[in-house]
Amino acid sequence: MTSLSIEESELLSALKRGDSDAYERLVREYGGRLYAAAYRVLGRETDAQDAVQDAFVSAFRALDTFEGQSMLSTWLYRITVNAALQILRKRRNRPERSMDDLLPGFYEDGHRKNPKPTWSPLSDERVQQEETRELIREKISELPEDFSNVITLRDISGLDTEQTAQVLDIEPGAVRTRLHRARQALRTLLEEEYAT
Amino acid sequence: MNDSKDTCREVIEFLASYLDETLEEQARSKFDAHLDVCPYCRDYMTSYEDTIRLARSTGSDAICDELAPLPEQLVQAILKSREP
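Protein chains in written order, with the working numbering: chain X, 1394 to 1589; chain L, 67 to 150.
Just to be clear, a hint being listed does not mean it is correct.
Claimed, not checked - Computed list of lysine-lysine pairs in DSSO-like fashion (alpha-carbon distance at most 27 Å, straight line): (1) X:K1506 with L:K96; (2) L:K146 with X:K1409; (3) L:K96 with X:K1509; (4) L:K96 with X:K1483.
Don't read these hints as lab results, they were simulated from the structure.
What you are looking at is a predicted structure, and each value in this text was computed from that prediction instead of being measured.
So here's chain X without its partners, still in its complex pose (with noise of 0.2 Å):
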């Protein structure tokens, strides 16, 4: 059973008998949304272009293995993506936090430890500085790499459950946990900088 257009199994067929001219088309059609894919989960030029070449080099490897159970889109959007996800794990510059000291702690009546109602609500010209966005990212990289991952693929990259599921190979039910768990660490660490 195969997912391919007419269009995309001729130019597998093309890929895999050595055809240079189908190896050009493939980089140049699909090359701008790889990027595009990979820029959004790491938001910097230089590392979206390794990330694309490394992902086109993994995929031309692996295309006598592929026998299009997906699109080709889909195949290469996802080898990209986690391309990008392994450049953003060598680019983690700060000790990962422990996931148990991010979550809220509970007493056994099932109250909250140590709240402090003291977040304001952050203003759209706040939400949307420079300076903030870096340091999102930079806080995310701080999360154990399960969680961070999640959390750049729902809510920065934009991907749905379903996709980002597929992209870590993981179950939806998995990614609906992890990102819940993500926000919340997430929310603790930015608890210094925006709680008044």
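Could you slot chain L onto chain X? The hints should help.
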């Protein structure tokens, strides 16, 4: 959310479902009732929503034209990687 003693814990646990509007009506009513009387959970919800806004705003700044061609230098570097 069956035990009223646990509602702070449960409100925070089910916050994402509440905001996604996927909670069942009865659970949603209990959730609302708890928020009416608990400033800590109201505050937590505000900060949770702001956290989502902040993360989404970070992504919205990194959108580029999907139809734009790759730089020629990058295309050539990628194609060169096929060479033995």
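Here's how the hints hold up against the structure:
1. Taken as a hint, the K1506 (chain X) and K96 (chain L) pair is honoured in the structure, with Cα atoms around 21 Å apart against an allowance of 27 Å.
2. Proposed proximity of K146 (chain L) and K1409 (chain X) is supported: the alpha carbons are some 17 Å apart, at most 27 Å.
3. About 22 Å separates the Cα atoms of K96 (chain L) and K1509 (chain X), which keeps this hinted pair within 27 Å; it holds.
4. The straight-line distance between the Cα atoms of K96 (chain L) and K1483 (chain X) is roughly 45 Å, outside the 27 Å bound, and the hint therefore fails.
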